[in-house]
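A.B. asks: Sequence:
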Amino acid sequence: MAQISLAELGPGFRGMGDEEVVKYAKAGHSQATEHLLSKYRVIVEGKARCYFLIGQDAEDIIQEGMIGLFKAIRDFRTDKLLPFRAFAELCISRQIFTAIKAATRQKHIPLNQYVSLYTNVFDTDSDRTLLDTIAEHEIADPEEVIITQEFSDDLREHIRHDLSDLESAVLRSHLEGKSYQEIAGELRRRVKSVDNALQRAKRKIARSLRRMMTAA
Numbered sequence: 001m002a003q004i005s006l007a008e009l010g011p012g013f014r015g016m017g018d019e020e021v022v023k024y025a026k027a028g029h030s031q032a033t034e035h036l037l038s039k040y041r042v043i044v045e046g047k048a049r050c051y052f053l054i055g056q057d058a059e060d061i062i063q064e065g066m067i068g069l070f071k072a073i074r075d076f077r078t079d080k081l082l083p084f085r086a087f088a089e090l091c092i093s094r095q096i097f098t099a100i101k102a103a104t105r106q107k108h109i110p111l112n113q114y115v116s117l118y119t120n121v122f123d124t125d126s127d128r129t130l131l132d133t134i135a136e137h138e139i140a141d142p143e144e145v146i147i148t149q150e151f152s153d154d155l156r157e158h159i160r161h162d163l164s165d166l167e168s169a170v171l172r173s174h175l176e177g178k179s180y181q182e183i184a185g186e187l188r189r190r191v192k193s194v195d196n197a198l199q200r201a202k203r204k205i206a207r208s209l210r211r212m213m214t215a216a
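All letters in the sequence shown, in the order written, are residues 1 to 216 by our numbering.
Hints were generated in silico from the structure; no laboratory data involved.
These numbers were taken from a predicted model, which means no experiment stands behind them.
Incorrect hints may have been included.
To be verified - Derived pair list, reagent style DSSO-like, types lysine-lysine, alpha-carbon separation capped at 30 angstroms:
no.	residue 1	residue 2
1	202	192
2	101	39
3	178	39
4	101	71
5	39	202
6	204	192
7	178	192
8	71	26
9	80	101
10	178	204
11	23	80
12	101	192
13	192	71
14	101	178
15	26	80
16	178	202
17	71	39
18	23	71
To be verified - Simulated restraints, written as ranges between beta carbons of each label pair:
no.	residue 1	residue 2	range
19	19	202	32 to 40 angstroms
20	30	161	28 to 36 angstroms
21	43	23	44 to 52 angstroms
22	98	39	40 to 48 angstroms
23	78	14	16 to 24 angstroms
24	28	185	41 to 49 angstroms
25	20	58	48 to 56 angstroms
26	185	63	16 to 24 angstroms
27	196	63	22 to 30 angstroms
28	63	195	18 to 26 angstroms
Backbone N, C-alpha and C define an ideal beta-carbon position, used for all residues, glycine too.
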């Protein structure tokens with residue numbers, strides 16, 4: 001099979017596997033890099049939604065995730081027999097987690113003041129969170145893992161007791177990546193009502209976090 005040059009390839013990456021596109025990106029093809037950054041941004045945004053950190057802008061977390069994605073493109077090696085998607089998700093999670101640890105150090109906030117908010121704050125078939133996955137790769141001190149997991153368990157209980165049915169439903173859908181319009185349609189509510197419910201839920205979670213940290 002004849003080798004396709006970068007110039008001949010152009011923007012037509014959609015029919016190619018990610019591993020092949022990464023080769024062009026690593027060779028300096030900017031369109032290949034842009035293709036991967038665009039394709040995987042939705043994954044970055046999904047992971048960013050899993051985190052709640054007092055005083056942290058959600059867009060900042062997304063930007064950290066995009067940095068992790070860029071590093072994945074830069075560092076990916078085909079000889080490791082790991083699909084690019086899996087490698088990218090790991091790099092994104094590590095970058096976000098590293099940023100959170102840095103933020104807590106700068107503000108003198110204990111590591112357990114952040115929590116991974118994923119769909120299992122409600123009753124689901126799986127009780128495994130993104131936090132569990134990151135902790136396996138990133139937290140060296142077992143005591144830190146225990147503290148963080150205990151903190152997450154306590155927060156889930158606060159969420160179950162403090163949030164109304166509407167707030168819980170809106171938060172669940174938001175964490176699943178649904179838009180305000182989609183949530184409003186499913187719940188037969190106005191978009192403004194959905195937004196208000198989500199803001200109330202966030203304020204209640206923040207109050208719960210502050211109470212828990214004061215009592216710790």
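A.B. asks: A separate judgement is required for each hint: does it hold in the structure or not?
C.D. replies: Hint check results:
no.: 1; hint: 202 - 192; in the structure: 15 angstroms, holds
no.: 2; hint: 101 - 39; in the structure: 27 angstroms, holds
no.: 3; hint: 178 - 39; in the structure: 18 angstroms, holds
no.: 4; hint: 101 - 71; in the structure: 18 angstroms, holds
no.: 5; hint: 39 - 202; in the structure: 29 angstroms, holds
no.: 6; hint: 204 - 192; in the structure: 18 angstroms, holds
no.: 7; hint: 178 - 192; in the structure: 15 angstroms, holds
no.: 8; hint: 71 - 26; in the structure: 11 angstroms, holds
no.: 9; hint: 80 - 101; in the structure: 28 angstroms, holds
no.: 10; hint: 178 - 204; in the structure: 21 angstroms, holds
no.: 11; hint: 23 - 80; in the structure: 14 angstroms, holds
no.: 12; hint: 101 - 192; in the structure: 34 angstroms, violated
no.: 13; hint: 192 - 71; in the structure: 38 angstroms, violated
no.: 14; hint: 101 - 178; in the structure: 28 angstroms, holds
no.: 15; hint: 26 - 80; in the structure: 16 angstroms, holds
no.: 16; hint: 178 - 202; in the structure: 16 angstroms, holds
no.: 17; hint: 71 - 39; in the structure: 15 angstroms, holds
no.: 18; hint: 23 - 71; in the structure: 14 angstroms, holds
no.: 19; hint: 19 - 202: 32 to 40 angstroms; in the structure: 39 angstroms, holds
no.: 20; hint: 30 - 161: 28 to 36 angstroms; in the structure: 51 angstroms, violated
no.: 21; hint: 43 - 23: 44 to 52 angstroms; in the structure: 20 angstroms, violated
no.: 22; hint: 98 - 39: 40 to 48 angstroms; in the structure: 23 angstroms, violated
no.: 23; hint: 78 - 14: 16 to 24 angstroms; in the structure: 20 angstroms, holds
no.: 24; hint: 28 - 185: 41 to 49 angstroms; in the structure: 45 angstroms, holds
no.: 25; hint: 20 - 58: 48 to 56 angstroms; in the structure: 33 angstroms, violated
no.: 26; hint: 185 - 63: 16 to 24 angstroms; in the structure: 30 angstroms, violated
no.: 27; hint: 196 - 63: 22 to 30 angstroms; in the structure: 27 angstroms, holds
no.: 28; hint: 63 - 195: 18 to 26 angstroms; in the structure: 23 angstroms, holds
When the structure is compared with the earlier hints, violations turn up for hints 12, 13, 20, 21, 22, 25, 26 and for no others.
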